[in-house]
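Engineer: Sequence order for the protein chains is A and B.
Once you know that position 92 of the first sequence is 92 in our numbering, the rest is easy, because the numbers rise by one and skip nothing.
Once you know that position 164 of the second sequence is 304 in our numbering, the rest is easy, because the numbers rise by one and skip nothing.
It is worth saying that the hints were derived from the structure and are not from the lab.
Errors might be hidden in some of the hints.
[What the hints assert, rightly or not] Derived list of chain A stretches under chain B, where covered just means 3 residues or more per stretch with a C-beta under 8 Å from a C-beta of chain B:
| hint | segment |
| --- | --- |
| 1 | 16 to 24 |
| 2 | 51 to 58 |
| 3 | 124 to 138 |
All C-beta atoms, glycine included, are put in the ideal place defined by N, C-alpha and C.
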Amino acid sequence: MTIQEIQNDIVDEFSMFDDWMQRYEYMIELGKSLPLIDDTYKTDDNIIKGCQSKVWVHAELVDDKLVFTADSDAIITKGIIAILVRAFSNQRPKDIMEANTDFIDEIGLKEHLSPTRANGLVSMIKQLKMYAIAYQTQLN
Amino acid sequence: MIEIHKIREDFPILKRKVNGYPLVYLDNAATSQTPQPVIDCIVDYYSNYNANIHRGVHTLSQEATDLYEQARMKIQEHFNAKKAHEIIFTSGTTHSINLVANGFSTLLNEGDELIVSALEHHSNIVPWQMLCERTGAILKVIPMNEEGELNLEAYAKLLSEKTKLVFCNHISNALGVINPIEEIIAKAHEVGAAVLIDGAQACPHIKPDVQALDVDFYVASAHKMCGPTGVGMLYGKEEWLTKLPPYQGGGEMIAEVTFEKTTYADLPHKFEAGTPNICGGIAFGAAIDYMNSIGFDNILAYENELLAYGTDKLSQILGLKIYGNSDKKASVISFNIEGIHPYDIGTIVDKLGIAVRTGHHCAQPIMDFFKIPGTVRASFAFYNTKEEVDALVEAVKKAKMMLS
Chain A
1 MTIQEIQNDI VDEFSMFDDW MQRYEYMIEL GKSLPLIDDT YKTDDNIIKG
51 CQSKVWVHAE LVDDKLVFTA DSDAIITKGI IAILVRAFSN QRPKDIMEAN
101 TDFIDEIGLK EHLSPTRANG LVSMIKQLKM YAIAYQTQLN
Chain B
141 MIEIHKIRED FPILKRKVNG YPLVYLDNAA TSQTPQPVID CIVDYYSNYN
191 ANIHRGVHTL SQEATDLYEQ ARMKIQEHFN AKKAHEIIFT SGTTHSINLV
241 ANGFSTLLNE GDELIVSALE HHSNIVPWQM LCERTGAILK VIPMNEEGEL
291 NLEAYAKLLS EKTKLVFCNH ISNALGVINP IEEIIAKAHE VGAAVLIDGA
341 QACPHIKPDV QALDVDFYVA SAHKMCGPTG VGMLYGKEEW LTKLPPYQGG
391 GEMIAEVTFE KTTYADLPHK FEAGTPNICG GIAFGAAIDY MNSIGFDNIL
441 AYENELLAYG TDKLSQILGL KIYGNSDKKA SVISFNIEGI HPYDIGTIVD
491 KLGIAVRTGH HCAQPIMDFF KIPGTVRASF AFYNTKEEVD ALVEAVKKAK
541 MMLS
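Only chain A is shown next, with the shape it has when bound in the complex:
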């Protein structure tokens, strides 16, 4: 599936919920399916800055695709990073670099997109894209 197709799926899933509480509950549920980062990668270098909770992300190139693993000590944040990992993992770095992130707004998490918000969703997206840029340079 392409990033866009996965994002469309996520938007469809979230559209089933009427209120924020159900959406948050679903997001927390998605956090449980997050491919967890290996403990050895839970280092300060892999912490995303700008989050009030801790978020670790690791990226690995498998064949020509980038595979993300992550974790967080807060479960809402874990749900958010799980959504991003689902959308961007197992994709080619170039596609990750070029992907848009409008679906965040569409699934009712717009308030988390503010760069001043302490959960760092913007920093998370930036970090995933940075990994993509770094690995794309390597592939070139």
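Go by the hints and put chain B onto chain A.
Structural biologist: Below, chain B alone, put in the same frame as chain A:
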């Protein structure tokens, strides 16, 4: 007596809805809300008096200067300073502390000692660390116990003739614990050390008397006591303010300037370089008037009721732990629920219209002491109600249900 419904009418923001719910504002320790008389004062200033002060000969400038200096006198009277020029307008508590820390650069020698409490906000730690780096002075820390109370025996042992300065908050921002500053000041003076008290969290609740405290420096921010942001004050004993060099150079703070030598203005202008926050200073005065019209005895008694009520209700939630259980506390409840990140709780209760603070509250050493990433902090003001405390308790229960 607090007439709560009448008081709430004074605060237009309390009528707001947040995320579809009536706003329950319990982040008063971060910033207090602004009552109509203070808002009116700001509008009145810009509508009728806006001018630069102290230098203009025209009427508007004179009137603005009078209002600004009247505000200084209101602050003097409120804190019972001996002289109006012992009150320096600053941009807030952080600025006030930096002003004093910078001044002490010229008064300290290598090996001199400074004492800080374990309960401080970063703004009462970092400026002093920077001072130590510049001068070679050494920073020592008064330890605290599990209840968030300072160990005064340990403090007594830290004091010696090497001690030049002691600084401590009056009330802890992270835990709400009220520190025994009378004793801290008296003991420091026995060894000839000066004391700076950070009153940012105390001034919304009590009316400090700087002469009775015999404190050398006392600092506060207007925005914690119903005033605007970006303005605060430094009280310093005249003898200390005379001794300290100016912090910033510029207009307002000079007596005479030539390229060979500049002489500085007298107090308080020596420390007030540049055009100040004139409107903010005047509104600070209006905020003090407003709080005094409610009465600090009434405020404290009412807030204590809310604190006791909130502590009791929240304690009934299984797995909830309150940090700072001292019996001497301001209306702040800092807590966590076992196994749940404070950020998650803060996010859910915000969705229910409740504003609390989450995180380390700019006091990382306290969080390290308790080995936690942060807390959820609910801080009550005299315009909060028991119904709002109930709303918080219900929201926390809901968050707990969703998050565990």
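Engineer: Evaluate each hint against the coordinates.
Structural biologist: Each hint, compared with the structure:
1. 16 to 24: Coverage by chain B holds here, the residue count being 3 at a Cβ distance below 8 Å.
2. 51 to 58: holds (count 3)
3. 124 to 138: Since 0 is below three, the answer is violated.
Going down the numbered hints, you'll see the structure goes against just number 3.
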